[in-house]
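J.: Taken in order, these protein sequences are the chains called A and B. Each residue of the first sequence is one higher than the one before, starting from 1 at the first, in the numbering used here. Each residue of the second sequence is one higher than the one before, starting from 1001 at the first, in the numbering used here.
Mixed in with the good hints, there may be bad ones.
Which chain A residues stay away from chain B? Per the calculated CB distances, all over 12 Å, these [said to hold, decoys possible]:
#1 T6
#2 A20
#3 T106
#4 F168
#5 F171
#6 P390
#7 K438
#8 I479
Now the in silico label distances, taken between C-beta atoms and shown as ranges [said to hold, decoys possible]:
#9 A:E361 to B:D1448: 39 to 47 Å
#10 B:I1605 to A:G28: 19 to 27 Å
#11 B:G1196 to A:A363: 47 to 55 Å
#12 B:L1645 to A:F171: 51 to 59 Å
#13 A:A363 to B:P1237: 45 to 53 Å
#14 A:P23 to B:R1631: 20 to 28 Å
#15 B:P1237 to A:R356: 37 to 45 Å
A few chain B residues facing chain A, derived, Cβ under 7 Å [what the hints assert, rightly or not]:
#16 V1285
#17 V1289
#18 S1629
For the record, the hints were derived by calculation from the structure and aren't laboratory data. Don't be surprised by glycine CBs; every beta carbon is placed ideally from N, CA and C.
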Amino acid sequence: MPDLLTLVTFLPLLGAVIVALLPSAQHGLIKTVSLATALLTTIVSFILYAQFDPLGNGMQFVVNIPWVESMGINYHLGIDGISLLLIVLTTILTPIAILSSWHSITTGIKGYFASMLLLTTGMIGVFCALDLFLFYIFWEVMLIPMYFIIGIWGGQRRVYAAIKFVLFTMFGSLLMLVAVIYVYFAYQAQTGDFTFNILRLSEIDLPLTAQYWLFGAFALAFAVKVPLWPLHTWLPDAHVQAPTAGSVILAGVLLKMGTYGFIRLCMPMFPEATLAFAPWIIGLSVIAIIYGALVSMVQKDIKSLVAFSSVSHMGFVMLGLFVMNEQGMSGAVLQMINHGISTGALFLLVGMIYDRRHTREIAEFGGLASVMPVFATFFMIATLSSIGLPFTNGFVGEFTILLGAYKANVTVGVLATTGVILAACYMLWMFQRVVWGKVTNPANAKLTDLGLRERIILIPLVVLIFWIGIYPKPLFDRIEPAVQANLLVLTERLDGPVNAHQTPASVDSLEFVTQVDEATKDDN
Amino acid sequence: MSDFLYLIPLLPLIGFAINALLLGRVPRGLTGIIASATVLGSFLLSLVGFIELAGLPVDQRQLTQTLFTWIPLGDFDATIGFLLDPLSAIMVLVVTGVGFLIHVYSIGYMSHDPGIGRYFAYLNLFTFSMLTLVLADNFLLMFVGWEGVGLCSYLLIGFWFQKKSAADAGKKAFIVNRIGDFGFLLGMFIIFWQVGSLNFLEVNELAPIAFGGSIGLVTAATLLLFVGATGKSAQIPLYTWLPDAMEGPTPVSALIHAATMVTAGVYMIARTNVLFMMSPDTLLVVAIVGAATAFFAATIGLAQNDIKRVLAYSTVSQLGYMFLACGVAAFTAGIFHLMTHAFFKALLFLGAGSVIHAMSEEQDMRNMGGLKKYLPITYITMLIATLAIAGIPGLSGFFSKDEILFYSFTNPQGHWLFWLVGAITAGITAFYMFRLIYLTFHGRERMDEKTKSHLHESPRVMTVPLVILAVLSIVGGYVGLPYVFQIGSFTNLIADWLKPVMAPGQALAAEAFAPTVLAAEGGHSTALELTLMAASVGLAVIAILAARALYKSDHAAVTRLKERFAGVHKLLENKYWVDEFYGATIVRPIVAGSVFLWKIVDVVIIDGLINGMAALTAGAADTLKFTQSGRVRTYATGFVIGAVLVIAYFVYLR
């Protein structure tokens, strides 16, 4: 019996291997095995959630076995509250994604479902890995199945979209690889040991110039994933071309790899650089929030509308992370989960009408509430969650992020809050054009409402939307200690600990920079 | 005993759950009964709370209940908690009382609509949100209700979603409200980071010290909250959604867009009166916006032909009065007018609904006339409401409006100009309301024969609520007797009742305005009060007589007037072209800018740069591939040149 983390990580891989060994013609069997594996993984992740101690310090469920001893590479897994919640999110979205592909994938079924499962192992692996080498392997493992999912089972311009996706990501990954190697040798130079242990790598003191360069390399890799403006242009293409399940996983989990990377690697390993770059990243995040929302508003394709809205939403997450206070950062982590749920639901819903009409043009629809009332209701709920209505999950995340942002810098808080208005504009305008009004297009007159399978897919997400919206405490209980640990690393580098409440409201992130700059001068 | 408070909002939520989850499975006749019963239950519970509150000593009239911690995050801690104090007690009674009558009325009004289950589900959800807003013991939970009522308003305005105009109006209402909510959110941020709490009682207590000398921050916070209020309560510049909201079913207009939701802004200011009292600048802005809105909306009401639109502009105008009251620090008068307005304006809308129902969905008053004999109950009750809103002595509107006008003249925060604008607006109000009565119920019958043959008084289920509201529109004013009429134990009940809520704010202001306040109190002149009263009543009577002369029977004079003042008439009829102005200056530039960001910045610039880099790489590869020619002589040449350069570097440059 392997430990829980190994189990949750490699169970999908096992499923993928079994699927690969099944005869290609056995469609039903392939789908069943895939779904069963995914559901089993979900159950394991629930056990993980139940056994996780919210009050526990540091990493839990740690496994640390030497792998390549001579190079200091270990099979080292472990999770804190942040990774725990992201793992649960992943394992909830995977069976949903598989179910959503049940009828819509008609060719290459074996390869498709094996890819989905392999992808899952990659994603969970990234969230568990505490060894930088292992992290990088899982990171790259994710890329390949996603490339195939978009490139083979995607829409008309799938090859273009898949290559754009890979090139953007690879560009970042390679820079990250260089940085990983640099850190590895720098650690050896300081301590005499070779290690890829992320926790230990975070302990070394790197000269500021090196930190800046390394932070830059990691940050680029992660910013592409988030995606942070202006590195977002691969996202609308990838989403529009990807099959529904691909979009769900892409938006739901893959984008979080970027923000997770910032939390797990950039911040603890390069704290001074984090502080120095924070104002720039905050600036880009605010641009992303407003820019993503505005561009979203004028989209003609529902999927690209949701894709641009992701740019805006992930801007909120980045903003929350880099205002570097408890409210902002905890809110950001929660919003990572929320975005997976609500945007996942939106992509599923768009996929459901795409299956019926084979178009995603907003102008092709209208009046769907008359013919598909159940669809309209689910769509409404997902829309409200996306625009952050109180008592839905989106509100709790957005509110806490903005509360933190306002505390860090008033101007930033005000600008980011305009995103709240804009979100209502683009989502409700789209909703109105698709769902309300008369059925003017005869092609929509005879659409069938959602079936049982489709309802089963959506119900868990709706439950989560309201549960997190009304009672987010259990999640915050798990997020907060991890966030505090992260903040501690950052604040320790400043003069004395920064107590959240005693800081005047006007403490500006820019002040951090000046402090750091002065510190630099002293060093020289 | 306050552990039942949560039931007040919860009951309608249960009603919503039943009607929403069993949509289509609840028998049509039962949906309305379930919905109404839950609201009646809340009303009775509110009554229990009210009585319990009244039984407590004056300074202890606060019932609180905390359910659970909602958002716990570091030093931030928001709870789901309720507060019943004299102020929220009045509000819950109005919301559940008037709300119940409107639910009952809806059973009749919506009986033929196929979406009746959905309708009552939304209506219950609205009542839940409104009660949450009113009972919340902290800003954040109030904001939950605040956005919740906005959502229900959106859903109910767009209830007949097949109609494009209805869907547009719903969206417009939500988005304009979100602009207000933006202000509310920012106001909350300032208050939290300054005071360290969002709980109303704590903020009231801590704010004077926490804000200390930084009046600028209080002004910013209260102005931002006021931005929220202008959105929800349809004040300049965010009022444009309310007239469009008339696309919803008429009982919805009565409940949401007249009696309850749109008054939330006034309630919020009264609830946070301590903060507002700390900033004279904000109070001045509130008073100016209130007075301006009251006047401006009333003038538009003069030239509208749709019966519901007249009432909509009238609502905007009356809400302006309430804000004027708040702005001159007469919060009690504002709440008093909120209450009486809930009675007579709900009645007017329900009456209009009865008319529209009888007229086979016709809303244009030019096609009405002479309905008096067909709809006797509707006529009498609407006439009572009209007399009330016109400020005729003896009816509820007279008392509350008079109190606002009096304080806007005498309070230290007031000014005679506020009084003048208010009094003139009272005259305009009387005029357009009697214009409505004469055009609808008197004169020639202008409808076609088919409509005429269908004319009928509404069923009991609709007329009984009208009668009850008519009674309330008459007697509702006697809880707030003006000073001159207070004899012995007949005091101003509502002012006494609200005193514990308003006292801390008044005490703060007493410090700031000490000399003037004393002067005003000492010199409460009966003569002045009677003069002001006589002036505004006189204006109203003149306006009624003018309306009678112009609209009672022969409309020739109206036509002549319209021709004479064609420009003014066009301006009013087109509502000063404000919607068009917003469209041209805000909406279209934003859309055009967004298209630019997408088509130019995203596609041409960013992707162009990246494609450019890709092309550069490909180009470089194309060029450099010739170096890999496989010819040994080329390699050797390169090797030699390279070696020479390296040696030269070490020899000469080091």
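J.: Each of the hints needs a verdict: does it hold here or not?
T.: Hints, verified against the model:
No beta-carbon of chain B is positioned within 12 Å of the beta-carbon of A:T6; the least distance is around 33 Å. With a cut of 12 Å on Cβ distances, A:A20 stays outside the contact zone with chain B, its closest approach being about 34 Å. No beta-carbon of chain B comes within 12 Å of the beta-carbon of A:T106; the shortest separation is about 32 Å. Some Cβ of chain B comes within 12 Å of the Cβ of A:F168; the nearest lies about 8 Å off, and the non-interface call is violated.
Distance to chain B contradicts A:F171 as a non-interface residue, since its nearest Cβ pair spans about 9 Å, not more than 12 Å. For A:P390, the shortest C-beta to C-beta distance to chain B comes to about 4 Å, within the 12 Å cut-off, and the non-interface label is violated. Chain B draws A:K438 into its interface by the beta-carbon criterion, the shortest separation being 5 Å against a cut-off of 12 Å. Under the 12 Å C-beta cut-off, the non-interface status given to A:I479 relative to chain B is violated; the minimum distance is some 9 Å.
Between A:E361 and B:D1448 the beta carbons are some 43 Å apart, a value that agrees with the proposed interval 39 to 47 Å. About 49 Å separates the C-beta atoms of B:I1605 and A:G28, a value inconsistent with the hinted range of 19 to 27 Å. A hinted range of 47 to 55 Å holds for the C-beta pair B:G1196 and A:A363, which are about 51 Å apart. Between B:L1645 and A:F171 the CB atoms are about 32 Å apart, so this pair departs from the stated range of 51 to 59 Å.
A hinted range of 45 to 53 Å for the beta carbons of A:A363 and B:P1237 is inconsistent with their spacing of about 32 Å. Evaluation of the 20 to 28 Å hint for A:P23 and B:R1631 yields a failure: the beta carbon distance comes to about 54 Å. The hinted window of 37 to 45 Å between B:P1237 and A:R356 holds, with their beta carbons roughly 43 Å apart. Violation of the interface hint for B:V1285 is found here, the shortest Cβ-Cβ separation to chain A being roughly 19 Å, above the 7 Å cut-off.
The interface hint given for B:V1289 is broken, as the beta carbon of that residue sits about 20 Å from the closest beta carbon of chain A, more than 7 Å. Annotation: B:S1629 was flagged as interfacial toward chain A, and the flag is violated, the nearest CB pair being 28 Å apart, outside 7 Å.
Hints 4, 5, 6, 7, 8, 10, 12, 13, 14, 16, 17, 18 from the earlier list are contradicted by this structure; the remaining hints agree with it.
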